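Colleague: Sequence:
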Amino acid sequence: MSDTESREFCPRCGDPVPTRAEPLPGTPRDRDRRLCDACYFEDFTLVDAPDRIEVLVCSGCGAVHRGNRWLDVDARDYTDVAVDEVREALGVHVDARNVTWAVDPEQVDENTIRMHCQFTGVVRETPLEESVVVPVKISRGTCDRCGRIAGGYYASTVQVRATDRTPTPEERSRAVEIAESHVADKEGDGDRDAFVTEVKRTDDGPDVKLSTNGLGEEVSKRIVRELGGSVESYPTLVTEDGDGNEVYRVTYAVRLPKFTPGDVIDPDDDAGPVLVRSVSGNLKGVRLASGDPYEASFDDEELAARRLATRDDAVETTVVTVEDDHAVQVLDPETYEAKTIPRPDFFDAEAETTPVVKTRAGLHVLPD
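Just so you know, the working numbering puts 323 at position 323 of the sequence shown, and the rest follows in order with no gaps.
Warning: the hint list may mix true and false statements.
Said to hold, decoys possible - Simulated DEER-style distance windows between Cβ atoms: (1) Thr112 x Gly152: 26 to 36 angstroms; (2) Gly152 x Ala89: 44 to 54 angstroms; (3) Asp109 x Ser233: 22 to 32 angstroms; (4) Lys137 x Glu8: 17 to 27 angstroms; (5) Arg69 x Arg201: 32 to 42 angstroms; (6) Phe9 x His116: 51 to 61 angstroms; (7) Leu71 x Asp109: 16 to 26 angstroms.
Since the hints were derived computationally from the structure, they do not count as laboratory data. Quick caveat: nothing in here was measured; it's all calculated off a predicted structure. Each residue gets a CB set at the ideal place from its N, CA and C atoms; glycine is no exception.
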C-alpha cells in the first residue's frame with residue numbers, strides 16, 4: 001500500500017491530517033480527534049462559563065449558600081466570595097494542558113461584581129488564550145444559624161450556683177468565659193450548630209443558654225473541672241421532631257463548692273485552720289499552724305467546716321522574733337501587742353514582716 005493510500009483525512013473538510021495514536025482499549029472514541037486543527041478549533045471553546053452567577057450571602061455572619069447548605073467562607077469581602085464562586089462555576093476543556101487563569105474584578109454596584117477572566121492553555125500543542133466576563137450578583141439573606149439565634153433558639157441551659165453562698169464575681173465571670181471560649185473553639189472547627197443564645201446574669205449566678213445539649217454538657221463539665229463542684233442534669237421534653245423522636249431541653253445545674261481558693265476555713269477536726277488553695281476535684285489547702293498539706297473530699301463530714309476569713313482579710317505585720325522552729329512572735333495588727341503564734345513550715349525566718357489573719361481561732365501566719 002502506498003503512503004498516499006495510508007494517510008488520514010479530515011471528515012469535515014477533506015484535508016489530510018497527521019496519523020494519531022489509537023485510543024487505549026476501553027477509552028471512548030472522540031470523533032473530534034479525527035478533525036484537522038483548523039476544523040477542530042473552529043468550534044473549540046477553551047472555557048465554559050455561565051451567563052451570570054447568583055450568590056446568596058447571609059447578612060448576619062457572611063456565610064455563603066451552596067447547594068442545600070450554608071458554608072462559612074474565609075473571605076475578606078464579597079469580592080473574595082465572587083472569585084471563589086466563579087472558580088467553582090467555570091469549566092475548562094478536558095484537552096487543555098498547562099492552564100492558567102487570572103481574574104480582574106470590577107465592582108459595578110453594591111451588589112454586582114463583573115469578573116473579567118483571562119485563561120491560557122495548550123491544546124494540540126497550540127497555545128490558546130480566551131477571555132470571559134461573568135457577572136456575579138450578590139443577594140443577602142439569613143442563614144439557618146443566624147435565624148435560630150435571632151429567634152432565641154436554645155437546647156440547653158447551664159445554671160451556675162454555689163453551695164451555701166453566691167458565686168463570687170470572679171467565678172461568675174470565669175464561668176461565662178469558659179462557655180464562650182468553648183463555643184468559639186467549636187465555631188472555629190466549623191461547627192455551625194454551636195452558639196451562645198443568651199447569658200442571663202441573675203443574683204444567684206449566671207444562666208447560659210446554648211444551642212445544643214452536647215454543648216451544655218461539655219461546658220458544665222469544663223466549669224466544674226476548673227472551678228470545682230458538681231453538676232446534675234434535668235431534661236424536659238419539649239416536642240417531637242419530624243421522625244417522631246422526642247426532643248428534650250436539658251438544664252445542667254452546676255453547683256460550685258462551699259469554699260473558694262483563698263478562704264481560711266476551720267475543719268471540724270481540731271487540727272486548726274486551713275488556707276484553701278484549690279477546690280478542683282477535692283479541696284486542697286495548707287494548715288496555717290504547721291504548713292502541712294491538707295486534702296479532703298467534699299463528701300467528707302469534716303467539711304462541715306466554718307469559713308473564718310479570706311486571704312483578702314490578711315494584713316502585713318511586724319515579726320518581733322523567731323523563738324524556735326515551732327513558734328514566732330509577731331505584733332497583733334489590732335492591739336500592737338507582741339504575740340507568740342505557731343510557726344508554719346512556709347514561714348520565712350529572715351522576713352521582717354509577714355501577712356497574718358486574725359480570726360476567732362486566733363492569729364495565723366499566711367503564706368506569701
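Colleague: Confirm or reject each hint.
Modeller: Right, here's what the structure says about each hint:
At roughly 35 angstroms, the beta-carbon separation of Thr112 and Gly152 lies within the given 26 to 36 angstroms, and the hint holds. Between Gly152 and Ala89 the C-beta distance comes to about 37 angstroms, which lies outside the given range of 44 to 54 angstroms. One distance hint, 22 to 32 angstroms for the beta-carbon pair Asp109 and Ser233, is violated here, with the actual separation near 53 angstroms. The hinted window of 17 to 27 angstroms between Lys137 and Glu8 is violated, with their beta carbons roughly 48 angstroms apart.
Roughly 35 angstroms separates the CB atoms of Arg69 and Arg201, a value that falls within the hinted 32 to 42 angstroms. Hint check: Phe9 to His116, Cβ distance near 41 angstroms, so the stated range 51 to 61 angstroms is violated. Roughly 25 angstroms separates the CB atoms of Leu71 and Asp109, a value that falls within the hinted 16 to 26 angstroms.
Violated hints, in rising order: 2, 3, 4 and 6; the structure is consistent with all others.
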